[in-house]
Amino acid sequence: MGTTPFRLTVDGVEIEAIEGQSVIEACDAAGIYIPRLCHHPDLEPSGNCRICTCTINGRNAAACVTPAAHGMVIENATPLLTADRRALIEMLFVEGNHPCPYCVASGDCELQALGYRLGMVAPLQPYRWPGRKIDATHPDIYLDHDRCILCSRCIRASRMEDGKTIFGFEGRGIAMRLNVDAEGGLGETQMAAIDKAASVCPVACIVIKRDSYRVPNGERRFDTAPIGSEIEAKRKGLPR
Amino acid sequence: MSSEPSAVIAGYIQAVGADRTRLLDVAAAVQAEFGHIDDAAVHAMAVGLGMHPVEIEDAVSFYAFLDRQPRGRIRIRLSKTPISFIKGARDVARAFEQALGLTLGETSPDGAFTLEWASDIGMADQEPAALIGQHVLTTLAPEDVPAIVAALRESADSAPTALPKATIRSGLVHAGPLLSGPRERDAGISAALALTPDQVIEEITNAKLRGRGGAGFPTGMKWRLTRRAVGQDHYIVCNADEGEPGTFKDRLLLSEFPDLVFDGMTVAGYALGSRQGLVYLRGEYAYLRDSLQAVLADRRQRGLLGTRICGRDGFDFDIRIQLGAGAYICGEESSLLESLEGKRGAPRDRPPFPTERGYLRQPTAIDNVETLACAARIMEKGAAWFTGFGTKESSGTKLLSVAGDCSHPGVYEVPFGTTVNALLDMVGGADAQCVQISGPSGQALSAKDFGRRIAYEDLPTGGSTMIFGPGRDVLDIALQFADFFVDESCGWCTPCRVGTTLLKQGMEKVVSGRATLADMRQMDALGQTVMRMSRCGLGQSAPNPIISTMRNFPELYEARLAEAAFTPRLNLNDALRDAVQVQGRAPVTEGA
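These protein sequence lines map, in sequence, to chains G and E.
For the first sequence, the positions run 196 to 435 when my numbering is used.
For the second sequence, the positions run 16 to 607 when my numbering is used.
Treat the hints with care, as some may be off.
Taking lysine-lysine and the BS3-like style, the derived pairs with C-alpha atoms no more than 30 Å apart in a straight line are [stated by the list, open to error]:
| no. | chain 1 | residue 1 | chain 2 | residue 2 |
| --- | --- | --- | --- | --- |
| 1 | G | Lys359 | E | Lys358 |
| 2 | E | Lys358 | G | Lys391 |
| 3 | G | Lys404 | G | Lys391 |
| 4 | G | Lys328 | E | Lys358 |
Over 12 Å on every C-beta distance to chain G, these chain E residues come out as not near it, computed from the model [as the list claims (entries may be wrong)]:
| no. | residue |
| --- | --- |
| 5 | Thr36 |
| 6 | Arg37 |
| 7 | Gln46 |
| 8 | Ala177 |
| 9 | Ala181 |
| 10 | Leu187 |
| 11 | Ser195 |
| 12 | Trp400 |
| 13 | Ala540 |
Keep in mind that the hints were calculated from the coordinates and are not lab data.
Positions of the beta carbon are idealized from the N, C-alpha and C atoms, including for glycine.
With the hints as constraints, model all of the structure from the sequences given.
Structure, rendered in structure tokens:
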């Protein structure tokens, strides 16, 4: 850090970045929103969801794991990328069970918010309707695997931020699922409701019990402004 | 068993120095001893390796050859590929079902047998084939099955010694300059030691050697980048995870020409300044491990591995074999590295490239078995000799694994630039309807493209060449390949994990004759999205069987299209079955 800034362009707009920033971090700082789901500013990037894929110097790459470099030419909000991202959101919707109208996270859910932002109406692909179990063994937290989108945020947060390694993946391919570090479920782990891992879930897979409706529907984060607005609000002094 | 399982497992852990990057070896040993890896074993491994159980499960649950649930002591895995089906694998499967009284996927109640399908096991030239424990059975016919099952029952343990049909043909049909002619076992490294490491890389660069796995990255450049990268250690990894359905040329190299491969690795070790080479051998080829170890031991004895190789002070280099555990994705180089480090074989994002940060985060060159064999020959005979074969952009020869509807399946060494037509004549497959070049991740060619040439600039290939004659159902073959990618997707990224399943569902609708034009367009768009958005080569090429048959066999799709503007994906009777049962009424038939 502290080195001289360099320049790159995003959809024709020139922005500044510094050594060590990923493309998504550079764009966030400049007030340009790249849609993303598995990326979290406090966690190491992992490149699971691929929503933040941009065309960088002519090749598609995930912005969260691509280091920013001088002179990069980045395409972000093109019709093709938006359509591809929308298709990925649809895939996540049909992969799990996501009943927005009665989900506790409605209005606060990044998956739902991206569906709106990217213009998803209803998934064109067939629903898979997987039968997944709820893990309610923990006194303060429940895991609703129906909602899990395998973004690995909780895995990374637990390992790196909480130093606990409560979560991991199990299986592969379409059968892959989130696993916890105990045969008897989350209740047998060292998980605590104040853990970072409990607060980073983008959907309603990890839910704190008895806490869900403090903010009523209609007044939640994405009820009032589209996802990404807080990043775009930083965009001052740049041509719009 | 005399000792406690946890003590046995502790022994395995001790044998690898409690090194967590050797988790795969420990897991394989547990699997071999106990038949599966239960919760207690996971716990014992976690304690011994200083890991969390969830991390052990994360890795172990990824691999097809490692089980968390008990299965039969004797595992019968039948190769399930379009080629094996052509050669009668379904009948063989039925014979096994009958002889064992099991249906595929089941384990016998006494825990003796599990019968199941497996992805391609590298025997496409001698299908139907099966993997029983580490034994490979080839050219099976239904009438062989009773004797096999009888022999298995008699042997009672999971490692029977003599089984009918347990012979593997070498498979070499046509040798070219790479594989013919007498050769000293140290020809490559001896020649290399007369040069400086930089000169060796220069020679490989001048030979215009490109990666034989199919991607075609210039080997000289890869070696130069690795050599120049800063790191404590430098590694050369031989990618012997030959998993592309239809390919078996590395099986030939490793069984008939192992010295050529190890000689090439030693050359690379010298060029990169490496002390350690690793062979990542696919689990299906476990039967080759002992003979490869013997060759390595012999090379050590002759001073071709170990310290002061060929008497050269300061040139210390050795090779370790790491066995895989049944995951096609591990042929992708960054997944291979993860697996080598004892983790699930999920690919890495690049940059950093393996040449900068590879195995154990150190500079690593990962080369195909055949590439390393070529490197040894280039050292021996010179770059000019090598560029004398092939085309301007693709120098040398290519080993092709040819199988399917042809008279002489096997490995063919042909110069780059050979046309598909010339190849078909050579192998006795001139009436081919479809040639699948470079496996499912490659392309399905129709006759109009048979004049094209095998070369990086026209038809790049890792070697898999599957021939489908007239009358074969090309769309059903595409569906089988789509199904293969569902099984082998690692699951890390959304487009591949979900997209492969959706593509398979789309293709099922096509094959059943219920897909409309709108379905076709949607499947095409979905395939393009999966290609553009996936993290690694697997997802980026997983739609190829569908996309390339759509392009090259449009008439077959057209003939299979439903006439209606819309047909529901849902089968109403299936969807209502539970409700009908609960209500205790008779189902209403469709259209009634």
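Exercise. Against the structure shown, which of the earlier numbered hints fail to hold, in ascending order?
Worked result: Hint check: 13 fails alone, others pass.
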